Each structure stands twice: as C-alpha cells, then as structure tokens.
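Colleague: Start counting the sequence shown at 1; every next residue gets the next number (UniProt numbering).
Calculated directly from the structure, the hints in this document are not laboratory data. It is possible that part of the hints are untrue.
Derived Cβ-Cβ restraints for the label pairs, each shown as a range [said to hold, decoys possible]:
#, residue 1, residue 2, range
1, Asp129, Asp318, 16 to 24 Å
2, Pro261, Arg331, 36 to 44 Å
3, Arg372, Asp318, 19 to 27 Å
4, His167, Leu340, 42 to 50 Å
5, Arg372, His247, 31 to 39 Å
6, His247, Pro117, 44 to 52 Å
7, Arg324, His167, 21 to 29 Å
8, Ala317, Arg42, 23 to 31 Å
9, Ala328, Pro354, 32 to 40 Å
10, Ala43, Gly175, 23 to 31 Å
11, Thr355, Arg127, 21 to 29 Å
Note that this is a predicted model, so its numbers are computed, not measured. Backbone N, C-alpha and C fix where the C-beta goes; we use that ideal spot for every residue, glycine too.
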Amino acid sequence: MSGTADGVRDADVVVVGAGPVGLAAAVHARAAGLEVLLVDRRAGTLDKACGEGLLPGALRAVQALGVDPPGHPLSGISYRAPGRHADHRFAAGPGRGVRRTALHAALGERAAAVGAPLVHGRVVALRQDAGGVEVEVVPGVGAAGSDEGRVPLTLRAGWVLGCDGLHSTVRRLAGLDAGTRPGAGRAARHRYGLRRHFAVAPWSDLVEVHWSRYAEAYVTPVSAGVVGVALLGPRAVSGAGFDALLHAQFPELSARLAAAPGTGRLLGAGPLRRRSRRRSAGRVRLVGDASGYVDALTGEGVRVGLAQADAAVRHLADADAYERSWRAVTRDYRALTTGLLAWASSPVRGAIVPTAARAPWLYGAVVERLAR
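All chains should be built: construct the whole structure from the sequences, respecting the hints.
Modeller: Shown next as structure tokens:
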C-alpha cells in the first residue's frame with residue numbers, strides 16, 4: 001500500500017494514534033462514510049498512566065460509539081484530607097471505573113469491525129499539497145532502536161488527524177507545537193503522574209481524591225477486586241518511588257493499601273501541560289491530548305477527547321469551524337482545570353478540601369459540571 005503524487009489516495013483520513021481518542025475518531029469517520037487508516041507504532045492492547053474513571057458524560061460518549069467496556073460503577077467524587085472530606089454523588093446516574101486496557105480493547109474491536117485497519121509504524125514526515133497529505137511511516141512495531149533497513153511507507157490521504165497524545169509527533173511535524181511551559185519563569189508548575197493497581201476490593205463507589213501538601217492521589221475502583229491509584233504532583237513525583245511517595249504524602253491511604261499486593265506495571269506520564277499554536281494546519285487536525293492539555297486534576301480527559309474526535313470529523317473540511325468547536329467543547333475543562341490548578345499551586349492549597357466541605361452546594365455544582 002503506498003500513496004502517489006498523482007492524487008490517488010490510500011484513504012480519505014489517516015488517523016495517527018490508536019488510543020481511545022484515535023479509535024473514536026476512526027469510528028466517527030467511518031460513520032461519515034470515509035475510508036480510514038489508523039497508524040500507531042504500538043501493537044496490542046495499550047495502557048496509560050491515568051485515573052481510569054469514566055464520568056457519566058464520558059461513559060455515555062463511549063457507549064454512543066457502540067461499546068460498553070466492563071468496569072466498576074462510580075457514584076460520585078470525594079475530596080479528602082486528614083479529618084475532612086466532601087462527597088457528592090452524580091445526579092444523573094453513575095459513571096464507571098474502567099481499566100484503560102479494557103477501554104482500548106473495546107474501542108479497538110469496534111474500529112476494526114467498522115472497517116478501520118491499523119498500520120503499525122512510526123510517523124517520520126508529513127507533506128501537504130493542495131490535494132492532500134502524505135504521511136511517511138517507518139513500518140514496524142515499537143519505534144525503539146535504529147530504522148536501518150526499514151523501507152518507509154508513504155500513505156496519501158485527504159486529511160490527517162493527529163490523535164497521538166501528549167508528546168504528539170503530528171503536532172511537531174505540522175509546526176503547531178507551542179511547548180510545555182505555561183509562561184516564562186513558571187516551570188515549577190510542570191506536573192507529572194504515576195499510576196499502579198492494587199488487588200483489593202473497593203471500599204467505596206466514589207472516586208477518592210486525596211489532597212496532601214503538594215500532591216494528589218486518585219483512587220478509582222476498576223473491578224470487584226482491583227483499585228487504581230494515580231499520584232499527581234510536581235517534578236518530584238516522577239523521581240520518587242511510588243510506595244515512598246504514597247507513604248510520605250498519604251499515610252492513611254498507604255496504611256489501607258499496606259496488605260494489598262500491587263498488580264501490573266507502574267506507569268508514569270508527564271509533563272502534563274501541553275500547548276498547541278492552533279488545532280489545524282492545512283489538512284492536519286489535532287485531536288485530544290495532542291491538541292493541548294492542562295492537567296488531569298478534573299479527570300475529564302476522555303470526555304473532552306471524545307468530543308473533539310466527533311467535532312474534528314464533523315468539521316473536517318473547515319478549519320475555522322473545527323477551531324470554534326474545539327474551543328466550545330474544551331471551554332469548561334480549560335476554565336475549571338486552570339482555576340483549580342492555580343488554587344492547588346498557591347499557598348492556600350490546604351483550603352481546598354475544607355472549602356468544599358463547608359460549601360457542599362458549590363462543590364456539588366462543580367462535580368455536576370464535570371460529570372456532564
């Protein structure tokens with residue numbers, strides 16, 4: 001399979017990145033009657049360091065794609081600090097804690113079923129002209145090591161959707177990367193995440209967000225016998241051992257998990273902050289984390305990414321319309337996450353949980369906004 005310079009296309013749309021957002025974009029494109037190729041350097045079921053909670057709006061969006069991944073019901077969110085907590089249960093029904101591997105497998109099966117084949121390889125170049133985009137791919141699973149001996153594959157498409165995450169190659173090749181720094185002299189705001197699972201029965205049907213002096217721990221039940229714990233915080237989080245950080249910053253949670261064996265791999269991510277100059281460049285569109293990311297504080301990544309995937313396909317031929325739609329579907333996420341992050345990075349960080357406990361109406365309104 002190869003593209004040519006005479007206008008013949010291998011697909012209407014090449015989707016780079018076969019994570020949940022890329023798979024959703026492929027499903028939407030096929031529903032619109034477009035021929036699709038997915039490109040990803042990874043093979044098999046993909047995992048990611050994330051909180052794994054699908055809030056009610058995200059769960060509805062996943063189900064609307066024709067999949068219903070297994071998991072554990074989530075009834076609400078609990079903000080917790082020693083001696084204080086604020087709980088709110090979702091008004092419109094539960095969300096679901098879903099292992100990222102289960103979500104990816106379900107969406108992957110759906111994309112394959114609707115006719116979106118996957119090409120394994122690493123994107124190394126993009127070239128655009130008036131008639132389309134050429135994507136140069138070094139074939140093979142992995143992308144580690146030398147490319148020597150691998151003959152590049154050129155795919156020609158009408159459009160390219162960059163759904164390849166925080167460290168997006170498409171964003172860089174399209175000249176849309178605006179870096180990671182929120183502003184000069186503020187590199188201390190760079191944040192990172194670690195996640196692992198514990199073989200223990202969930203003790204709550206709420207997502208617990210534990211706040212310490214400088215980090216947060218997200219506890220998400222993902223099955224009847226497993227909970228996931230994600231630690232978020234400044235650069236020190238990525239350098240500290242998971243158990244040491246958990247014990248130092250969250251002693252009560254550490255004690256609860258002391259007898260629970262860890263299961264699966266420890267995964268990390270970061271820096272979380274990513275910016276793009278725009279979401280479009282010619283026939284290239286950025287979608288999901290590749291288009292820009294503030295932080296994981298509010299747990300909205302999947303919902304926002306799926307909404308962007310839908311918008312990108314609906315406005316494929318109109319960059320300005322996609323830009324407007326992107327701003328609309330990310331507005332609440334950007335505003336709420338930026339505001340909470342600023343509060344969490346300030347000297348009054350310790351007031352977050354007490355304020356939520358004293359003003360349950362305000363806390364509930366914020367949670368319901370996230371849950372939509």
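Colleague: Mind checking the hinted window 19 to 27 Å against the Cβ distance between Arg372 and Asp318?
Modeller: holds (26 Å)
Colleague: Take a look at whether the Cβ-Cβ distance between Asp129 and Asp318 falls inside 16 to 24 Å.
Modeller: holds (19 Å)
Colleague: Given the range 23 to 31 Å, decide if the beta-carbon distance of Ala317 to Arg42 lies inside it.
Modeller: holds (30 Å)
Colleague: Using the Cβ atoms, figure out if Arg324 sits within 21 to 29 Å of His167.
Modeller: Taking Cβ atoms as reference, Arg324 and His167 lie about 27 Å apart, which means the hint holds.
Colleague: With respect to the beta-carbon atoms only, verify the hint that Thr355 and Arg127 lie 21 to 29 Å apart.
Modeller: violated (52 Å)
Colleague: Regarding His167 and Leu340, is the given constraint of 42 to 50 Å on their beta-carbon distance met?
Modeller: Cβ of His167 to Cβ of Leu340: about 24 Å, so the range 42 to 50 Å is violated.
Colleague: Given a hinted range of 36 to 44 Å, is it respected by the beta-carbon distance of Pro261 and Arg331?
Modeller: holds (42 Å)
Colleague: Between the beta carbons of Ala43 and Gly175, is the distance compatible with 23 to 31 Å?
Modeller: At roughly 29 Å between Cβ atoms, Gly175 and Ala43 fall inside 23 to 31 Å, so the hint holds.
Colleague: Within 31 to 39 Å: is that where the Cβ-Cβ distance between Arg372 and His247 falls?
Modeller: Holds - the Cβ-Cβ distance for Arg372 and His247, about 36 Å, lies within 31 to 39 Å.
Colleague: Between His247 and Pro117, does the C-beta distance stay in 44 to 52 Å?
Modeller: Because 47 Å falls inside the window, the suggested range holds.
Colleague: Could one say that the CB atoms of Ala328 and Pro354 fall in the range 32 to 40 Å?
Modeller: holds (34 Å)
The structure does not agree with the numbered hints 4 and 11 stated previously, though it agrees with the rest.
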